[in-house]
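Residues 188 to 591 (our numbering) make up the sequence shown, in order.
Heads up, a few of these hints could be off.
Said to hold, decoys possible - Here are the in silico distance ranges between beta carbons for each label pair:
(1) N538 <-> A427: 21 to 29 angstroms
(2) H367 <-> D523: 31 to 39 angstroms
(3) S227 <-> E430: 22 to 30 angstroms
(4) Q513 <-> E398: 50 to 58 angstroms
(5) D416 <-> S555: 46 to 54 angstroms
(6) Q565 <-> H367: 17 to 25 angstroms
(7) N557 <-> A208: 45 to 53 angstroms
(8) A307 <-> S555: 16 to 24 angstroms
What the hints assert, rightly or not - Derived pair list, reagent style SDA-like, types lysine to any residue, alpha-carbon separation capped at 25 angstroms:
(9) K279 <-> D359
(10) K385 <-> E462
(11) K250 <-> V453
(12) K250 <-> I230
(13) K385 <-> H550
(14) K479 <-> D359
(15) K392 <-> I454
(16) K479 <-> M458
(17) K385 <-> W556
(18) K479 <-> R431
(19) K385 <-> R431
(20) K479 <-> V369
(21) K479 <-> L419
(22) K479 <-> E398
(23) K279 <-> I230
(24) K250 <-> A285
(25) K392 <-> V402
(26) K385 <-> D359
(27) K279 <-> G258
(28) K279 <-> V234
(29) K479 <-> K392
(30) K250 <-> G521
(31) K385 <-> H467
(32) K385 <-> G411
(33) K385 <-> N568
(34) K279 <-> P262
(35) K279 <-> V369
(36) K279 <-> Y337
(37) K392 <-> I446
(38) K392 <-> D359
(39) K479 <-> Q565
(40) K392 <-> S303
In case anyone wonders, no lab produced these hints; they're calculated from the structure. Note that the structure is predicted; figures quoted are calculated from it, not measured. Idealized CB from N, CA, C, for every residue including glycine.
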Amino acid sequence: MTLTASSSTLQRVTIVTETFAPEINGVANTLGHLVQGLISRGIEVQVIRPRQNRNDLSASQGKLHSITLPGLPIPGYNALRFGFPLIGRIRKAINRFAPQAVYVATEGPMGWAAVSAARASGITVLSGFHTNFHQYIEHYRLGALEGLAYRYLRYFHNRTSGTLVPTRIQRDELDAHGFHNVRVMARGVDSQLFSPQKRSAELRKQWGVREDDLVLLYVGRIAGEKNMDLALATYRRLLAADERVKLVLVGDGPALAGIREHYPAVICCGMQRGEDLARHYASGDVFLFPSKTDTFGNVVTEAMASGLAVVSFDYAAAHEHIHNGQNGMLAPFGDDQSYIRCAETLLDSPNLLRRLRQQACLHARSISWNSIVDDFIQRLNGATAEVIQHGTEQNNTAKSRATV
């Protein structure tokens, strides 16, 4: 085995992912912050990913080097693609770049090939568990495959030096299912972009919302696996009690057409990015996060930073960052009626709502992407050092045997 890393100081890192900016999702968002953070610290980054369109060609700009390879749309996620397992091309690209470490963020065919290529070249490889695909399967009527998916994911991640997850709950779950070397790497939030100061009276006017109306906001993929039925049930219950309640949806997905047809009063804003997204967040009042499948949910911390009171189940990002009744509202996981009652409490208690919004914003300011990037670098350095030590021990053992 030939080791390419000669020290524990990172100079070059390869990231392999089947989703990246400008695609909009939690994985792409997280990787964008990690890449920017690495580059700002003088580390060169190679990103290997599927082409997003015909004109999406491999290119280098400063310390960022993009390698784009063929792929196909993901069933049910046509805006996203999975890459082909082109192990020869991936290994050639990695060896040419000569990184000290490889981080594989997605578990598709391209990710599998990248793990194999890195292992064959003796390069440290860590993996990320960003998406609960084994749980998503249930929402597409393929529940019989859940066990098979879990076995594949376990085998995939156990071929790497370690797996990074966003929460302690996720770590404990994977530990219990036989995943090795699972470590928590939290998520940050950009409190300069997402801020209550971005609240827009003009945008609320466009929505047809008065200042004293209560805006329930949802941001994310509008699909079955995100539990949109519960968001709509919450909206119906609150609207029946107070006609000033409005529901605003930001995002796109297969369930959107049906919602538009059956709920014409729901305000659908489509996909938003950057400053426009920040304005949409800050112009709401209560953030609904009904999902039961997300590994984290960056939208939760973005909503908190924007000064919204989050209503969520007690898991993922909400479990990590929300204290019930202090800076948000938590319902026991899977208890839909408790979830709805949490939202009703905010409708009936404007003083509580005001306090939660203030405390949510204050808490979000303490969640820095800088510290997350530092932790990421430390994880890569640590794994690299372990590989070097293991290689040295193997070499010493071989020499001893040769001497004997």
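Do the hints match the structure? See the list:
1. N538 <-> A427: 21 to 29 angstroms: Hint holds: Cβ distance 23 angstroms, inside 21 to 29 angstroms.
2. H367 <-> D523: 31 to 39 angstroms: 35 angstroms, holds
3. S227 <-> E430: 22 to 30 angstroms: 49 angstroms, violated
4. Q513 <-> E398: 50 to 58 angstroms: 26 angstroms, violated
5. D416 <-> S555: 46 to 54 angstroms: 35 angstroms, violated
6. Q565 <-> H367: 17 to 25 angstroms: 19 angstroms, holds
7. N557 <-> A208: 45 to 53 angstroms: 19 angstroms, violated
8. A307 <-> S555: 16 to 24 angstroms: At roughly 37 angstroms between Cβ atoms, S555 and A307 fall outside 16 to 24 angstroms, so the hint is violated.
9. K279 <-> D359: With a Cα-Cα distance of about 36 angstroms, the restraint between K279 and D359 is violated, given a limit of 25 angstroms.
10. K385 <-> E462: 8 angstroms, holds
11. K250 <-> V453: 44 angstroms, violated
12. K250 <-> I230: 7 angstroms, holds
13. K385 <-> H550: 18 angstroms, holds
14. K479 <-> D359: Distance of about 17 angstroms is within 25 angstroms: holds.
15. K392 <-> I454: 12 angstroms, holds
16. K479 <-> M458: 22 angstroms, holds
17. K385 <-> W556: Answer holds: K385 to W556 is near 20 angstroms, not above 25 angstroms.
18. K479 <-> R431: 28 angstroms, violated
19. K385 <-> R431: Since the Cα atoms of K385 and R431 sit roughly 22 angstroms apart, the hinted pair holds (cutoff 25 angstroms).
20. K479 <-> V369: 21 angstroms, holds
21. K479 <-> L419: 15 angstroms, holds
22. K479 <-> E398: Judged against 25 angstroms, a Cα distance of about 32 angstroms means the pair is violated.
23. K279 <-> I230: 21 angstroms, holds
24. K250 <-> A285: 14 angstroms, holds
25. K392 <-> V402: Holds. K392 to V402 sits at ~12 angstroms (cutoff 25 angstroms).
26. K385 <-> D359: 37 angstroms, violated
27. K279 <-> G258: 18 angstroms, holds
28. K279 <-> V234: Distance ~14 angstroms between K279 and V234 Cα, so the pair holds.
29. K479 <-> K392: Violated, at roughly 33 angstroms.
30. K250 <-> G521: Violated - the C-alpha atoms of G521 and K250 are around 45 angstroms apart, more than 25 angstroms.
31. K385 <-> H467: 8 angstroms, holds
32. K385 <-> G411: This hinted pair is violated, its Cα atoms lying about 30 angstroms apart.
33. K385 <-> N568: 38 angstroms, violated
34. K279 <-> P262: 29 angstroms, violated
35. K279 <-> V369: Violated: K279 and V369 sit about 29 angstroms apart, past 25 angstroms.
36. K279 <-> Y337: 30 angstroms, violated
37. K392 <-> I446: Holds: K392 and I446 sit about 22 angstroms apart, inside 25 angstroms.
38. K392 <-> D359: Answer violated: K392 to D359 is near 46 angstroms, above 25 angstroms.
39. K479 <-> Q565: 31 angstroms, violated
40. K392 <-> S303: 54 angstroms, violated
Comparing the model with each numbered hint stated earlier shows that hints 3, 4, 5, 7, 8, 9, 11, 18, 22, 26, 29, 30, 32, 33, 34, 35, 36, 38, 39, 40 do not hold.
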